[in-house]
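Here the protein sequences line up with chains A and B, keeping their order.
Position one of the first sequence corresponds to residue 5 (this note's numbering), numbered consecutively onward.
Position one of the second sequence corresponds to residue 5 (this note's numbering), numbered consecutively onward.
These are calculated hints, taken from the structure and not from any lab test.
Check each hint, because a few of them may be wrong.
Note: identical chains are not told apart, hence a pair may lie in one copy or across any two.
Below, simulated DMTMM-like cross-link-like pairs (lysine to aspartate or glutamate); rule was C-alpha separation at most 25 angstroms, straight line [stated by the list, open to error]: (1) Lys33 to Asp129; (2) Lys17 to Asp7; (3) Lys17 to Glu38.
Protein chains: 2
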Amino acid sequence: MNDVAKLADVSLKTVSRVVNGTESVSAAKAVRVEAAIRELGFRRNEQARQLRQGTTATIGLIIEDLADPFYSTLARAVEEVAHAHHHALLVSSSAEDPRRAEELVRSLSGRGIDGLIITPAEGMDPRVLAAEGEAGCSLVFVDRPSVDVDADTVLVDNRGGTAAGVRHLLAGGHRRIAFVGDTASLYTAQERRIGYLEALETAGIERDDNLVLMANPAAPESGEAFLALLDQADPPTAILAGNNRWSVRVVRLLRQRGIGVALVGFDDFELADALEPPVSVVAQDPAAVGRLAAELLFSRLAGDTGPRQHIQLGATLIPRGSGERAPR
Amino acid sequence: MNDVAKLADVSLKTVSRVVNGTESVSAAKAVRVEAAIRELGFRRNEQARQLRQGTTATIGLIIEDLADPFYSTLARAVEEVAHAHHHALLVSSSAEDPRRAEELVRSLSGRGIDGLIITPAEGMDPRVLAAEGEAGCSLVFVDRPSVDVDADTVLVDNRGGTAAGVRHLLAGGHRRIAFVGDTASLYTAQERRIGYLEALETAGIERDDNLVLMANPAAPESGEAFLALLDQADPPTAILAGNNRWSVRVVRLLRQRGIGVALVGFDDFELADALEPPVSVVAQDPAAVGRLAAELLFSRLAGDTGPRQHIQLGATLIPRGSGERAPR
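Take these sequences, add in the hints, and give me the full structure.
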């Protein structure tokens, strides 16, 4: 830092201010310092700073699958907030494997992260996360609630959003509405099914379990199960797809069959509006989920010891065409 | 570890084998050790291990935008290889800002990463990366070549792939073929334009600069520029879109105008096959790019000092309908 200060012809204090981004410095000086830093190949030694400050300036994010657009958008938003706080981001995908998720928690924690944002994998041992909390690692749960751990959470109103989608189909005259959701053990899939059932009950429509399919949208056999649902004696005239993966799969299967069933999907997805017909959705805002979770985490890291926050974001119905088809 | 060994009723050596995953252990013992680890909330102290072994067991990945499906798929593949090597992954998006990219390199490097996979942002100071290489940080460049740094690279055959797309349109009888690519300063955009021009030249077709548009597909004004290209006196009958973002935008704009121009896009994208007409593409394999880059990096970390490798992956033409439309 002495060399940088000398080369840039500024005080050591000015170099420190530019490097840490803590206080304002005149633009001319900042430019000189930045140039000197590049010139000298100087790098702030984060590891040394860690030892001094007891922080790694690193946070962790454990999600289900980084390649899923919902999670990559969420991760990008977390990254942006972390960047603004001069923190780096460790990202890991649990691939919905509880043992892998536990291993990731221990692995990231062992690297001394300051905090962790996590979508807990179904079946995780709650003690693994409880141990992190006790060890002083700030935790924020996203997309699914905490399991046996008292921590901040950012969730989406899965029940309310799904119910709004079902009410929209009911208002269009549909009575035989199917629900096609992800594996029944997943929190979000369960919640959305409950929202579907509640909306039917409120409308006085008896539930029919032949109209409910809970299965992994990525599994080949799920396609056949869906076609069997369509082929029953008294088939559905409308479908509520429980997530973006199912919406995409349903669009493909309906097209393959040439059937014009009404469709509302939970989760928006790219090109939903460019399909024929454009797909009506109940849209979550994954970037808002990520941003709020990260802001919550950094407020805790900054010393906020207020009561736990449980934020629930709304989901928005976007009619585009597929959900406005009349019953056959 | 002593407590784990005692609780699991195995030797200290067995615990070590399970934790490090280095040697095989009987399934029964492994299960007991894992259970004892969970029971005791034991965590392998990575930081202590770092100090002993001189490694952070962490690698860095700097890409343009984690929310872009091309990069999130690439990142997911890198993560999987890192996970298999017991490494965690720091992910950062440069947002195509060279100063931010330089800052990220210094920031990740300061955290003591073992290696870095990077898509260099246009305009980065090459000295920042050269300094990392000299400091012993293994570097692999992906998607764009290294700038003034001798390092391993994994690229896609942008010229050859684009030329194949243009030849496909020429074979369909098109002579007025437009190229719509990203900002001219981007390496991949430049390369794809060259591939387009080469294919035309080989076919003996004179280039017409009125048929070339280089602009950021995310900018609102790019849409107007594209429509102006369509509205010229002698309009194109076919379009080669230079990346997935432009393909999506072109699909929307053509639909808005109700024009049936032929289209081949560089990059595959989700639902390309479900659009009407299904979009023909020249497909890259971002997961293969990420996997190969990560494997290259870990072979270097394992001590491979062989000559620099420059891997170029092919791109595959997938005809689906939009690229097979006849000229009007």
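Q: Provide an ascending list of the numbers of those earlier hints which the structure does not satisfy.
A: Those not satisfied: there are none.
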